Amino acid sequence: MAKSPNPIDRHVGSRVKLRRNLLGMSQEKLGAALGLSFQQIQKYEKGTNRIGASRLQQISKILKVMPAFFFEGAPTVSSDPAVGFSEDGTPGYVTEFLSTVEGLHVCKAFARIQDIKVRKRLVELLVSLAAAEEAGGEDSA
1 MAKSPNPIDR
11 HVGSRVKLRR
21 NLLGMSQEKL
31 GAALGLSFQQ
41 IQKYEKGTNR
51 IGASRLQQIS
61 KILKVMPAFF
71 FEGAPTVSSD
81 PAVGFSEDGT
91 PGYVTEFLST
101 VEGLHVCKAF
111 ARIQDIKVRK
121 RLVELLVSLA
131 AAEEAGGEDS
141 A
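Under the numbering used here, the residues of the sequence shown are numbered 1 to 141, in order.
Everything labelled a hint here was simulated from the structure, so no lab data went into it.
Computed from a predicted model, the values in this text were never measured in an experiment.
Heads up, a few of these hints could be off.
[Claimed, not checked] Using 27 Å as the maximum straight-line C-alpha spacing, the simulated BS3-like pairs for lysine-lysine come out as follows:
no. : residue 1 : residue 2
1   : LYS108    : LYS120
2   : LYS29     : LYS43
3   : LYS46     : LYS64
4   : LYS3      : LYS46
5   : LYS46     : LYS29
6   : LYS64     : LYS43
7   : LYS43     : LYS61
8   : LYS29     : LYS61
9   : LYS108    : LYS29
10  : LYS108    : LYS46
11  : LYS46     : LYS61
12  : LYS64     : LYS108
13  : LYS3      : LYS43
14  : LYS64     : LYS29
15  : LYS108    : LYS61
[Unchecked claim] Pairwise CB distance ranges, derived in the manner of DEER restraints:
no. : residue 1 : residue 2 : range
16  : ALA135    : SER37     : 39 to 47 Å
17  : GLU133    : PHE110    : 15 to 23 Å
18  : LEU126    : PRO67     : 29 to 37 Å
19  : GLN42     : PHE71     : 18 to 26 Å
20  : ALA130    : ALA53     : 33 to 41 Å
21  : ALA68     : SER37     : 24 to 32 Å
22  : ALA32     : LYS108    : 20 to 28 Å
23  : PHE38     : ARG112    : 24 to 32 Å
We put the beta carbon where it would ideally sit given N, CA and C, even for glycine.
Whenever a hint applies, use it, and build me the whole structure from the sequences.
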């Protein structure tokens, strides 16, 4: 049975991906700067491979952020073993969304819209489309 990645490793990897995408940097370019293959960067970003402290320091310099950036919103471990991990800060779905090319494009485009009424209408449209997709699961077949 395959071992599932540690939640902290997954979170740190997703933050690497988020920052890399925000800078418009490819996995190949980040890998080249670190002397690694793009496949290794993929493993880091998925949390499959843990990023060591010295490597994280290198990544933070290349991506121009403080190392603490990669831990912002990370799940925390409770001292109560019955509780386990809990999410603090940014929900995981937000980080996941911003880690995608589509999510990044939507956020950048939305930020360029100055008219608040247009922004509100776009939000209403997105909420409506999402609700229609959820409700029409059997209708869309």
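Status of each hint after checking the structure:
1. LYS108 / LYS120: holds, 16 Å
2. LYS29 / LYS43: Holds, at about 15 Å.
3. LYS46 / LYS64: holds, 21 Å
4. LYS3 / LYS46: holds, 13 Å
5. LYS46 / LYS29: Measuring from Cα to Cα gives roughly 17 Å; hence the hint holds.
6. LYS64 / LYS43: holds, 21 Å
7. LYS43 / LYS61: Between LYS43 and LYS61 the Cα gap is close to 20 Å, so the pair holds against 27 Å.
8. LYS29 / LYS61: holds, 14 Å
9. LYS108 / LYS29: holds, 22 Å
10. LYS108 / LYS46: Roughly 24 Å separates the two Cα atoms, so the pair holds.
11. LYS46 / LYS61: holds, 20 Å
12. LYS64 / LYS108: holds, 19 Å
13. LYS3 / LYS43: With Cα atoms ~14 Å apart, LYS3 and LYS43 stay inside 27 Å; holds.
14. LYS64 / LYS29: Holds, at roughly 14 Å.
15. LYS108 / LYS61: holds, 24 Å
16. ALA135 / SER37: 39 to 47 Å: Holds - the Cβ-Cβ distance for ALA135 and SER37, about 44 Å, lies within 39 to 47 Å.
17. GLU133 / PHE110: 15 to 23 Å: holds, 20 Å
18. LEU126 / PRO67: 29 to 37 Å: Distance hint for LEU126, PRO67 holds at roughly 34 Å.
19. GLN42 / PHE71: 18 to 26 Å: holds, 21 Å
20. ALA130 / ALA53: 33 to 41 Å: holds, 40 Å
21. ALA68 / SER37: 24 to 32 Å: Given range 24 to 32 Å: holds, Cβ gap about 27 Å.
22. ALA32 / LYS108: 20 to 28 Å: Taking Cβ atoms as reference, ALA32 and LYS108 lie about 25 Å apart, which means the hint holds.
23. PHE38 / ARG112: 24 to 32 Å: Given a distance of about 30 Å, which is inside 24 to 32 Å, the answer is holds.
In this structure, none of the earlier numbered hints is contradicted; all agree with it.
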